[in-house]
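Same order as they appear, the protein sequences are chains W and V.
With our numbering as the guide, the letters of the first sequence map in order to residues 192 to 445.
With our numbering as the guide, the letters of the second sequence map in order to residues 21 to 91.
Hints listed in this document are in silico derivations from the structure and should not be mistaken for laboratory results.
Treat the numbers as computed from the prediction; the structure is a model and nothing was measured.
For each residue, glycine too, the CB sits at the ideal point set by N, CA and C.
Any given hint might turn out to be false.
[Claimed, not checked] Looking from chain V toward chain W, a few residues come up when the C-beta cut is under 8 Å (computed): (1) Ser63; (2) Gly71; (3) Arg90.
[To be verified] Restricting the straight-line Cα-Cα distance to at most 35 Å, the calculated cross-link-like pairs of lysine-lysine (DSBU-like) are: (4) V:Lys42 - V:Lys85; (5) W:Lys298 - V:Lys72; (6) W:Lys296 - V:Lys72; (7) W:Lys437 - W:Lys247; (8) W:Lys320 - V:Lys72; (9) W:Lys370 - V:Lys27; (10) V:Lys85 - W:Lys297; (11) V:Lys41 - W:Lys404; (12) W:Lys296 - W:Lys247.
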Amino acid sequence: MIIMTYNPYSLEGKTVLVTGASSGIGQSTAIECSKMGASVILTGRNEERLSLTLEKLEGTGHSMIVANLDDETEIEKIVEMASQLNGCVCNAGIGLGTKPAVFYKKKELEQIFTTNTISSILLLKGLVKRKKLINPSSVVFTSSIEGNAITTIGNGMYGMSKAALTAYAKTVALELAPKGIRCNVVTPGMVKTPLTAPTGELTQEQLDADAAKYPLGRYGNPQDIAWGIIYLLSDAACWITGTVLKIDGGITLV
Amino acid sequence: MEELVSKLSEILEVDNLDVTKKFTDYEEWDSLAGLSILALLDSDYNTTMSGKEVAAFDSIEAFCKEVLSRQ
Ligand SMILES: NC(=O)c1ccc[n+]([C@@H]2O[C@H](COP(=O)([O-])OP(=O)(O)OC[C@H]3O[C@@H](n4cnc5c(N)ncnc54)[C@H](OP(=O)(O)O)[C@@H]3O)[C@@H](O)[C@H]2O)c1
Chain W
192 MIIMTYNPYS LEGKTVLVTG ASSGIGQSTA IECSKMGASV ILTGRNEERL SLTLEKLEGT
252 GHSMIVANLD DETEIEKIVE MASQLNGCVC NAGIGLGTKP AVFYKKKELE QIFTTNTISS
312 ILLLKGLVKR KKLINPSSVV FTSSIEGNAI TTIGNGMYGM SKAALTAYAK TVALELAPKG
372 IRCNVVTPGM VKTPLTAPTG ELTQEQLDAD AAKYPLGRYG NPQDIAWGII YLLSDAACWI
432 TGTVLKIDGG ITLV
Chain V
21 MEELVSKLSE ILEVDNLDVT KKFTDYEEWD SLAGLSILAL LDSDYNTTMS GKEVAAFDSI
81 EAFCKEVLSR Q
């Protein structure tokens, strides 16, 4: 019998902070990180769903911080409470529905940029200033193919917030490289989570037909994204920074 | 009614909107027009509908009456 000890993808001994860990991709990322050996610090607004994630984690040494990332003082609280980190997954995000550009409202623009872009920027700023990210460490941002690789009618506000997040990630990758902090981005295609749950607008047949357009034959599962994030967190990606990893079942090829 | 019809004409880019027709009778009806009408309801009429509901009205007039009855 061969005992596997060689695994550059392992997160054994690493502590990873995951935002948006109470649902969808963030929840799956937290669970998968724990299965890969990490101690995970979960954060989100909903205490009940966050606790459910905590219960699903494997191993020990995990914790949770209930906080609203729209609020700068609560971001400070996360920074304050976080222990020394080997990894951080800036994943929390919102959709705000679809609407054409001529109907955008200032309040909505402010909301989407606050949650999807500015919150991650301020969180990372706090973690770096307070020296919570050790050398070497890895930060992964959950962006989207929307705004980065595709453009669809009605999704402009979301796409802009995600394109801005990607642009920021590249700059900060360059600026933090001397501190040994790698910064990378994943851009998922359509993943089945509460964010994308059918609203009743489309029939099951229409949804099935849309999923069938994906070259790999289906929409993504949260785990599909979690595994990409784990790769970027792991030592296997130690020479990768500023990259944008598309995880989209091939949809941007068609 | 006139104001709403004029806003719908603007969205569909049709000069003399025939309110006895259905939205889907117009070749200008597409996903952008549909999304624009939903956004118009939200921003100017403080009400919401699904795209399916909008498209299902027997006539644009019936749609307008429904929207105005909610005011
Ligand atoms: N699903 C997709 O198809 C897809 C595709 C591309 C990119 N993405 C991106 O992937 C990320 C995760 O999405 P998901 O599909 O997993 O969505 P989700 O199931 O709705 O989860 C979103 C998470 O973000 C957290 N969150 C939202 N606003 C917050 C705030 N103000 N403060 C703190 N936490 C906040 C939520 O936590 P609470 O509710 O507890 O606050 C929740 O845990 C997002 O950035 C999304 O844009 C998703």
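Evaluated hints:
Interface hint at Ser63 of chain V: satisfied, since its Cβ lies 6 Å from the closest Cβ of chain W, which is below the 8 Å cut-off. For Gly71 of chain V, the interface hint holds, since its Cβ comes within 8 Å of a Cβ in chain W; the closest pair sits about 6 Å apart. For the restraint placing Arg90 of chain V at the interface with chain W, the shortest Cβ-Cβ distance is roughly 19 Å, beyond the 8 Å limit, so the hint is violated. Straight-line distance between C-alpha atoms of Lys42 of chain V and Lys85 of chain V comes to about 14 Å, which keeps the hinted pair within the 35 Å bound.
At most 35 Å may separate the alpha-carbon atoms for a hinted pair to count; Lys298 of chain W and Lys72 of chain V meet this at roughly 27 Å. At roughly 24 Å between alpha-carbon atoms, Lys296 of chain W and Lys72 of chain V fall within 35 Å of each other, so this suggested pair holds. Among the hinted pairs, Lys437 of chain W with Lys247 of chain W is consistent with the structure: their alpha-carbon atoms are about 27 Å apart, no more than 35 Å. Restraint check for Lys320 of chain W and Lys72 of chain V: not satisfied, since their Cα atoms lie roughly 50 Å apart, outside the 35 Å limit.
About 56 Å separates the Cα atoms of Lys370 of chain W and Lys27 of chain V, which puts this hinted pair outside 35 Å; it is violated. A hinted pair counts as satisfied when its Cα atoms are at most 35 Å apart, and Lys85 of chain V with Lys297 of chain W qualifies at roughly 30 Å. Taking the CA atoms of Lys41 of chain V and Lys404 of chain W, the gap is near 34 Å; set against the 35 Å cutoff, the hint holds. Taking the CA atoms of Lys296 of chain W and Lys247 of chain W, the gap is about 39 Å. The hint is violated against a cut of 35 Å.
In summary, the numbered hints that this structure violates are 3, 8, 9, 12.
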